[in-house]
Amino acid sequence: MDMPAGGVKLLIPVLLFSVMLDFVMAVVLALSLKDGPLTGLLVLVSGLPTLAVIAFVIPVRYEIWSQKLSIVFLFGRHWDIPFSTIESVAEAKRWRPYASRGVRFATSPAQAIAVNRKNPRTLGRPNIVISPRDRSVFLPRLQQALADNPEAS
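Per the working numbering, the very first residue in the sequence shown carries number 1; after that it's consecutive.
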């Protein structure tokens, strides 16, 4: 089962549009100013962090497989979380999307789900906060998949 991430329907197009505008501005500056090529290059490079945020930080969907939860990012990148490493999943408290130890992928805080890991570590095995578009559908299915998996206990 897969479900789109909540809150990203407009976020990703807006951020991609800002990167595109950055590219256009770099070309215009490169062609119109005396020091245009250098200025254009600087403007173009300044847009790379935005593209990195879009590609590496903002999830586009979550997938439940028989043995893992997969967080899918732009350009087909994904992060697989094996069920054997998950201790519990539950509706996240109101503050968890904003301040919690671990990684927060909650793009829609009202739909947040806390994924608590076994033996969590800041680097390597962090707790995770996600936000599928419809928590009331996704959370029970994720809990059932965890219950059905013999490795997850």
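No lab work stands behind these hints, which were simulated from the structure alone. All C-beta atoms, glycine included, are put in the ideal place defined by N, C-alpha and C. Any given hint might turn out to be false.
If you anchor each label on the Cβ, the simulated ranges turn out as follows [to be verified]:
id: 1; residue 1: T39; residue 2: Q143; range: 26 to 34 Å
id: 2; residue 1: P49; residue 2: R141; range: 29 to 37 Å
id: 3; residue 1: Q67; residue 2: L10; range: 32 to 40 Å
id: 4; residue 1: Q67; residue 2: T39; range: 47 to 55 Å
id: 5; residue 1: K118; residue 2: G36; range: 53 to 61 Å
id: 6; residue 1: M25; residue 2: D148; range: 24 to 32 Å
id: 7; residue 1: K118; residue 2: L48; range: 19 to 27 Å
id: 8; residue 1: M1; residue 2: T122; range: 38 to 46 Å
id: 9; residue 1: S70; residue 2: K93; range: 23 to 31 Å
Cross-link-like lysine-lysine pairs, in silico, DSS-like; alpha carbons within 25 Å at most [stated by the list, open to error]:
id: 10; residue 1: K118; residue 2: K68
id: 11; residue 1: K34; residue 2: K68
id: 12; residue 1: K9; residue 2: K34
id: 13; residue 1: K118; residue 2: K9
Against the structure, the hints:
Distance hint for T39 and Q143: a CB-CB separation of about 54 Å, inconsistent with the stated range 26 to 34 Å. The beta-carbon spacing between P49 and R141, approximately 35 Å, falls within the hinted interval of 29 to 37 Å. For the pair Q67 and L10, the beta carbons lie near 33 Å from each other, so the given range of 32 to 40 Å is met. At about 51 Å, the CB distance of Q67 to T39 agrees with the hint of 47 to 55 Å.
A C-beta distance of roughly 55 Å is found between K118 and G36, which places it inside the suggested range of 53 to 61 Å. For the pair M25 and D148, the supplied restraint of 24 to 32 Å is violated, since their beta-carbon distance comes to about 52 Å. For K118 and L48, the Cβ-Cβ distance of about 36 Å falls outside the hinted range of 19 to 27 Å, so the restraint is violated. Taken as a hint, the range 38 to 46 Å is violated for the pair M1 and T122, whose Cβ atoms sit roughly 30 Å apart.
A hinted range of 23 to 31 Å holds for the C-beta pair S70 and K93, which are about 24 Å apart. About 14 Å separates the Cα atoms of K118 and K68, which keeps this hinted pair within 25 Å; it holds. A threshold of 25 Å between alpha carbons decides the hint, and for K34 with K68 the separation of about 55 Å lies outside it, so the pair is violated. A C-alpha spacing of about 40 Å is found between K9 and K34, which places the hinted pair above 25 Å, so the restraint is violated.
Straight-line distance between C-alpha atoms of K118 and K9 comes to about 32 Å, which puts the hinted pair past the 25 Å bound.
Of the hints listed earlier, those the structure fails to meet are numbers 1, 6, 7, 8, 11, 12 and 13, in rising order.
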